[in-house]
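Q: Got chain B; can you put chains U, L and W on it based on the hints?
Protein chains in written order, with this note's numbering: chain B, 10 to 211; chain U, 10 to 211; chain L, 10 to 211; chain W, 10 to 211.
Bear in mind the hints are in silico, worked out from the structure with no lab data behind them.
Hints should not be assumed to be uniformly reliable.
It does not matter which identical chain is used: a pair holds within one copy or between any two.
Calculated lysine-lysine pairs in the DSS-like style (CA-CA distance at most 25 Å, straight line) [claimed, not checked]: (1) 131 <-> 186; (2) 131 <-> 11; (3) 131 <-> 57; (4) 98 <-> 131; (5) 98 <-> 188; (6) 188 <-> 131; (7) 186 <-> 98; (8) 188 <-> 170; (9) 11 <-> 186; (10) 57 <-> 11; (11) 170 <-> 11; (12) 208 <-> 57; (13) 40 <-> 170.
There are 4 protein chains.
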Amino acid sequence: MKKILITGFEPFDGFTVNPAAEVAKSLDGRKVGEYSIRGLVVPFDYSKAIEVVEQAISDYDPSIILCCGQADQAAISIERIALNAISTKLADNYENTPESDIITLDGPVAYFSNLDPFQLVKALLDSGIPAHVSYHAGLYGCNWLLYNVMDEIERGSLDAKATFIHLPLLPSQSIEKDKMSMATMPLEMQIEALLVIIKSLS
Amino acid sequence: MKKILITGFEPFDGFTVNPAAEVAKSLDGRKVGEYSIRGLVVPFDYSKAIEVVEQAISDYDPSIILCCGQADQAAISIERIALNAISTKLADNYENTPESDIITLDGPVAYFSNLDPFQLVKALLDSGIPAHVSYHAGLYGCNWLLYNVMDEIERGSLDAKATFIHLPLLPSQSIEKDKMSMATMPLEMQIEALLVIIKSLS
Amino acid sequence: MKKILITGFEPFDGFTVNPAAEVAKSLDGRKVGEYSIRGLVVPFDYSKAIEVVEQAISDYDPSIILCCGQADQAAISIERIALNAISTKLADNYENTPESDIITLDGPVAYFSNLDPFQLVKALLDSGIPAHVSYHAGLYGCNWLLYNVMDEIERGSLDAKATFIHLPLLPSQSIEKDKMSMATMPLEMQIEALLVIIKSLS
Amino acid sequence: MKKILITGFEPFDGFTVNPAAEVAKSLDGRKVGEYSIRGLVVPFDYSKAIEVVEQAISDYDPSIILCCGQADQAAISIERIALNAISTKLADNYENTPESDIITLDGPVAYFSNLDPFQLVKALLDSGIPAHVSYHAGLYGCNWLLYNVMDEIERGSLDAKATFIHLPLLPSQSIEKDKMSMATMPLEMQIEALLVIIKSLS
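Chain B with its partners taken away, still in its complex shape (with noise of 0.2 Å):
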């Protein structure tokens, strides 16, 4: 049977849940078409992600690795390409913040994922998901860690295809905030999101 890791960061920004750690929780063992699943709760840690990602990759040996991460955005996106650059005053949840804002210095200025953005949109649309293809995973962890991956795949030292999937906000994330202009899409499609992505990989 074919695996895929699915990986998702824990809650930071002042929330207390994130849909990405939630679906990453909510699909960890289950068996969907050929795969089976492996389900990831990412600390958000600048100095200890990358590592807790590549132990999981070593263990489980995913040919497929779908990183996931929340946006405030109202429609899931399946993230094109991956820059060599961070850029944030935030500090992560354990008080680290990028020096640089260059990921890796001796690293191409960006990469392409290496699965298809077209066909999971189109599978995500096709189901009624809103979705697009994006060509900018943002400056944050998401894209620094889709950047660590791709640059392991083209290196040569890992197997797999990537992409990184972001999710928009749950609505439980707006009510916490007081915020109601937040687009939000609750946890039950955003779970489906994933089940019809994986069924379109097979």
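A: For chains U, L and W alone, coordinates are given in the frame of chain B:
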């Protein structure tokens, strides 16, 4: 048994669906707590809509009137105020455009809704559904309908409590417009929201 | 010579400057067409601001009152309506927060401004300054001040024409908040806007 | 004397004016500090624009190339990255639409601009002009032009420093589209911005 009238405009602005009409159709004929529900789809027609709603009120004799409409926003809003104003260059579905920006020349500038919006919002938030009290119902058909209903109530020709509920767009609407920046809420959560509101009225 | 009173709130919300106060100070003492101008900076103090404005009206006896305030928006807006409503959790500069969301319990729900907003907007657009008529002056100090001024006029204790003018933020305000998504308008264009408005009143 | 080439696209998207073209025309022929300026209006034509810019570079031999374009944003942005990607359904002014979302099949996924964006942003902020470093130049003609210029530089066929400067819309553009929510910046401030940038390069 007490009676509730739920109105929802038919689709407009190039959409094939309107969440308010869907909610009205879905709840029509149901009984919730001590209330029986009549759901009415209202033509988006400045020359007929008021007459259609007044006829339904006359036929059904509801004690609660929940006028519903769609809005390009993330959360449900319960309207506190109806303005004696309408301002749009867009025609309705029948080629009517308002001639004046005043709805009723001899009417007051605004009415408060007579259904407590804070109670409804609290019930929605307690159920995990993003919602807020709004003090501006827009300048289109939604505010116009609420002003007319409140005008009847305040002038004494109608004995009921009424408000306007703005509902977010449906996921299928962002897909049919290919506009992934539009916030949406699935129909199931919108119907649940109306049920929560009705239960909170008992 | 006819007299115009221009009021502008002092800085608040963590800003060191307020475009409305700058415009009021800049135009104070000037003569434009048939009008002489008094510019008044108003404390952002729910317990004193009305008294300060009423005292200035009593002292100066203007026939036109242009209340100005800042808003996080791109264009100048001329307010058509003042609501009998105030709703904010934010304190003013003196630690007062409104206790009720009603300004005057025995007042009407809203007043129209008695200065034609369409004429002012047309004059601004003809001068190349982005502007529009607004039907919602917000739920903070700006709407509150306009409601109180219109209340005096409508109850007959003040014979003047009045409106509220919302001004965009200044470029220096987006810089001091390090928030480059905020729309701004340079002070020179804002002062020019007030001059255009005053000339259009003759 | 050192030479700077400033390019600006001609108007498109239904506008009659483009701030970048206005800035280029306004500065053409001027001398600022140790630089003489050539301003070039570039046709918004995917089949010709690169050729036009390359011809100007060949004729004028600039050491600095500042490509400018309009963006629906409040502040000036200095672009740090050019992506090997173009994605739009909108045709240029000559009915061309990109066939692939890749600009150059054998090119790298992205280039860094070789003109330090942080220095330029600091100079603008010190002059009171809202500005920020951007890591995403969009997916239209602006990013496409920067990618092509950086491609020439990085492949060794052009010896110059280059970046892309996104300029806000002009007040007249929000008026001609009757869209008062669009952030704008007056032309005088935009020209001042370019002068500040050029002085900071010395």
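Q: It remains to establish, for every hint, whether it holds in the given structure.
A: Comparing the hints with the structure gives:
Taking the closest pair of Cα atoms, residue 131 and residue 186 come within 25 Å of each other only across two copies (15 Å); inside a single copy the shortest separation is 32 Å, beyond that limit. Only within a single protomer do residue 131 and residue 11 lie at most 25 Å apart by alpha-carbon distance; the minimum there is 22 Å, versus 47 Å between protomers. Taking CA atoms no more than 25 Å apart as the test, residue 131 paired with residue 57 passes in neither setting, with 34 Å inside one copy and 33 Å between copies. Taking the shortest alpha-carbon separations for residue 98 and residue 131, only the inter-copy value of 17 Å comes in at or below 25 Å, while the best intra-copy value is 36 Å.
Proximity of residue 98 and residue 188 under a CA criterion of 25 Å is satisfied in both settings, with 22 Å inside one chain copy and 13 Å between copies. For the homomeric pair residue 188 and residue 131, the shortest alpha-carbon distance between copies (15 Å) is at most 25 Å, but the shortest distance inside one copy (31 Å) is not. Within a single copy, residue 186 and residue 98 get their C-alpha atoms as close as 21 Å, and across copies as close as 14 Å, so both meet the 25 Å cut-off. Taking the shortest alpha-carbon separations for residue 188 and residue 170, neither the intra-copy value of 37 Å nor the inter-copy value of 28 Å comes in at or below 25 Å.
Proximity of residue 11 to residue 186 under the C-alpha cut-off of 25 Å is found in neither arrangement, the shortest distances being 39 Å within a copy and 37 Å between copies. For a Cα distance limit of 25 Å, the shortest separation of residue 57 from residue 11 qualifies neither inside one copy, at 27 Å, nor across copies, at 48 Å. In the homo-oligomer, the alpha carbons of residue 170 and residue 11 lie at most 25 Å apart inside one protomer (12 Å), although the nearest pairing across protomers, at 49 Å, exceeds that limit. In this homomeric assembly, residue 208 and residue 57 never come within 25 Å of each other (Cα to Cα): the closest approach is 31 Å inside a single copy and 44 Å across copies.
For the identical chains of this complex, residue 40 and residue 170 are intra-copy neighbours only, at 19 Å inside a copy versus 52 Å across copies, given an alpha-carbon limit of 25 Å.
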